[in-house]
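Fit chains B and C to the given chain A structure using the hints.
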Amino acid sequence: MNSGVLDTLQRGVEEETYYLNMGPQHPSMHGVLRLLLHMRGEMVLECEPIIGYAHRAHEKMAENRSYIQFLPNTSRIDYLSGMIYNIAFCQAIEKMAGIDVPERAEVIRVIVCELNRIQSHLLWFGTFLLDIGGITPFLYCFDDREEILGILDRVSGSRLTYSYGRFGGVTADIDDVFISQTRSFLDRLRGRLPMYEGLVTKNVIFRDRCKGVGVITVDQARAYGVTGPVLRASGVAYDVRKAEPYGVYDRYDFEIPTRTSGDCLARYEVRVAEMEQSCRIIEQALDALPEGAIEPAKMVKKVKSAAGEYYFAVESARGHFGMYIVSDGTDVASRIKLRTPSFSVMSAAPDVLKGTMIADVIAIVGSVDVVLPEIDR
Amino acid sequence: MPRTLLDIFPNPLIAVGIGITAVMTVLSVNTLFCIWFERKVSAWIQLRMGPMEVGFHGTMQTVADMVKLLGKQLVTPKGIDKPLYHLAPIVVFAPVVAAASLMPFSESVAITNTNIGLVLVFMFGGFASIGIFMGGWGSNNKYALLGAMRSVAQNISYEIPLILSSLSVVLLVGAMGREFAVDGGVIQANGMNLAHITGVQAQRGVWFLLLQPLAFIIFFIAVLAETNRAPFDIPEAESELIAGFHTEYSGMRFGLFFFAEFSNMFIGAMVATILFLGGWDGPVLPGPAWFFLKTYFLVFCMMWIRWTYPRLRFDQLMTFAWGILVPLSILNLLITAFLVKVF
Amino acid sequence: MSYVGSILSGFWSLLNGLGITARHFGRKNVTLTYPHEKPELSGEFRSLISLIQLPELGTHDCVACLQCEKICPSYCIKIEGGKVEGMKRKRASKFEVDFALCSLCGLCIDVCPTDTLEYSKLYDEAGYEREWVFDLLDPFESLEEEFREKQREVDAKVAAEKAKKKAAALQAKAEAEAAAAQDSPTSGGEVQS
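Protein chains in written order, with the working numbering: chain A, 1 to 377; chain B, 1 to 343; chain C, 1 to 193.
Pulled out of the complex, with its shape left as it was, chain A reads as follows:
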């Protein structure tokens, strides 16, 4: 909704406004987000996101335990890209302590991370549709997602909180069954995409609900530090995997999908295109899978690093995820700061949600794909 309508509303003869608490208990608030909405009828005049309902003090916990003990926590910061966070932490520690990673482990990491990204996008796809009222696509997505969870379960032993990475490698090797399962999943997903397109992308109701809704301009996105698919939907081709390649991402050929309109539809399209790109990366990685060890010969239990400050960033399913580690040379971090993409996106919410309708609030919050435990940490 444009600001003209808002002005008209605000110029009303008398102010008949009210406050509406959306969340923390609300069927379609992601996690425990609470939005305090100042409303006039169906229109939102002001919006104040209130966070902290899922605060578990991950950063503080990092200061009280050794690096390896913090490892299981990383999957729980953003439970939807647990694998990416887990491996990002390992990579950060490896960078800090100068641990070498076998090549095969690096490639396996890329494969499981990209599977995790597809899984996260599929879940987003389903819940976004659920937010705007379509229930069936949610279950179709979960059917696909279940395959990925099965594949990752087979290799890591867990479906959501993987703890798969270890300093210098990964816990378990992938086998031929994993490779064939992954390949058949990629084929299956590609076969399902036209179905999703017919059911969702081309659906006139869906397009009407998303087009022009919740526009985040490039300037807004830059001002709030918005990254990930939301930023790319606004037209900036920024992806950590290309901008500062980590791991072995520089070997693979993939594109950064972008759109320029910055609305819910653009964010939707960017994510769907990203799933396709992830498929491409996985295929290339599977084709060129080197042989060799997956872990260093001796498990790294104590991390030895020089005192100092280290920063390591990866592209999670939601954007630029950074780990800023201050080390005092001991095995326990003196401070770990997590830069999570959802937090930046959420801080742009008051600007974006202003002057929208209550149904759009749900659609916009759904489309930016925030994960609340990641915001609260």
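Heads up, some of the hints might be wrong.
To be verified - Think about it this way: if two alpha-carbon atoms lie no more than 25 Å apart in a straight line, the pair counts; the simulated PhoX-like pairs of lysine-lysine are: (1) B:K40 with C:K162; (2) A:K302 with C:K28; (3) A:K301 with C:K70; (4) C:K38 with B:K40.
Source of the hints: derived by calculation from the structure; they are not laboratory data.
Here is chains B and C on its own, set in the frame of chain A:
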């Protein structure tokens, strides 16, 4: 022409008693069936199984749910408008029973038969939104209030295409039923009489669906909106308004709203069957069988649509009604009137 | 035209959507009726930890090194143990795990020097009490005495062998020394001469 209960039983009290009992039974069974059916249809579409535990393939699940609802405590929130809050479920539910009694489900027997049946159905249909508004307003809950306001705006908007599209059928009945055979005589068919509408289709051997496809589509969409079915379920949009107008209702009060929703669906499908699908008309099977088959086919379509589409936004809903459905139904009505005049 | 066109294309997209859901009607469902059917667990499935009955020992091989207790991020493992009379290796006498705290990360399994820890395949991790502390040694209690007996024998044998070897070595050394001593005068004599 179907004989009514008043024709069969000379004592009006007995007739009314039997009528109410029959309608309540049919509506209750229908609700129990429809809830189970809705869950099964959604499960089939979504590659799930749906209820499987209670009874054969979960057929008794809704009965169990109903018993649970009856046993639940009725929570009354603070600060409510007591009369409105307590009356609302009844106001929503009562017109449903009245409307259901108007349906001519067979060529031989009907519960009632009036010459203004169509008008009465729309009137009782309009009642539901009053009840919803009372419930939403009286609940002292902002979500409920929003749902109630949406519901009223939606019902008023969609009644117009609903009535306009059915008017073209009324015109056709008037034109095609000039020599309408009834009880051995020939009369001019009454376009507002539901039995006459069906009778004309049966006697002419043509369903109005074939003559008025556009009117049927508009009517069906408007029925979806009137009965608050997805994709027009914005008064109770669960992802936006939690449960909309019945957020604060619990136990059997909520059960009555639920009952009314499924009964409204049933009635909407019955009216569509009468107006466009020839009611009891059909070969081999007896009239009521055809009537209920067609009705449940339409109910199935409503469920199918619900489990396929996302929900519209409030302003889009209005734009759709006033920008597309109303002009199209007026156009359809004008063309019908013109053709009726010409031929 | 665009008004009519948009209505028609919109209507077409809606029909298309109905067709897609209709195509799912006859498909096989993908769900499990959970309490009746249980999912097939993958080989790597990580559940609560348990001790392995090693075939060569006939029982577990926890030597109470406390590595798992030290690395556990949830601090949920409590081990007691120590030297056993007549045995060479240390033995755990208590291996308590509070599974209410365990986060199934698997670090304890990675660090175990004797590889005697594994993931169990318990799927329904649910209980009726808040207290969920188990002693992992309980199932091995009956085996413990037998093992100790055997181990003592083995240890004794090993010790005896070692002692024998040592004695032999000593003897050999002594002999060598003696031989050297025998040799040395000649050599010494050579040096002297």
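| request: With a cut-off of 25 Å on the C-alpha distance, tell me whether K301 (chain A) and K70 (chain C) pass. | output: With a Cα-Cα distance of about 11 Å, the restraint between K301 (chain A) and K70 (chain C) holds, given a limit of 25 Å.
| Pair hint K40 (chain B) and K162 (chain C), alpha-carbon separation not exceeding 25 Å | violated, 76 Å
| request: Verify the proposed pairing of K302 (chain A) with K28 (chain C), using a straight-line Cα cut of 25 Å. | output: violated, 51 Å
| Within a Cα-Cα threshold of 25 Å, do K38 (chain C) and K40 (chain B) meet the stated pairing? | Given pair K38 (chain C), K40 (chain B) holds - Cα atoms ~23 Å apart, limit 25 Å.
The earlier numbered hints that this structure contradicts are 1 and 2.
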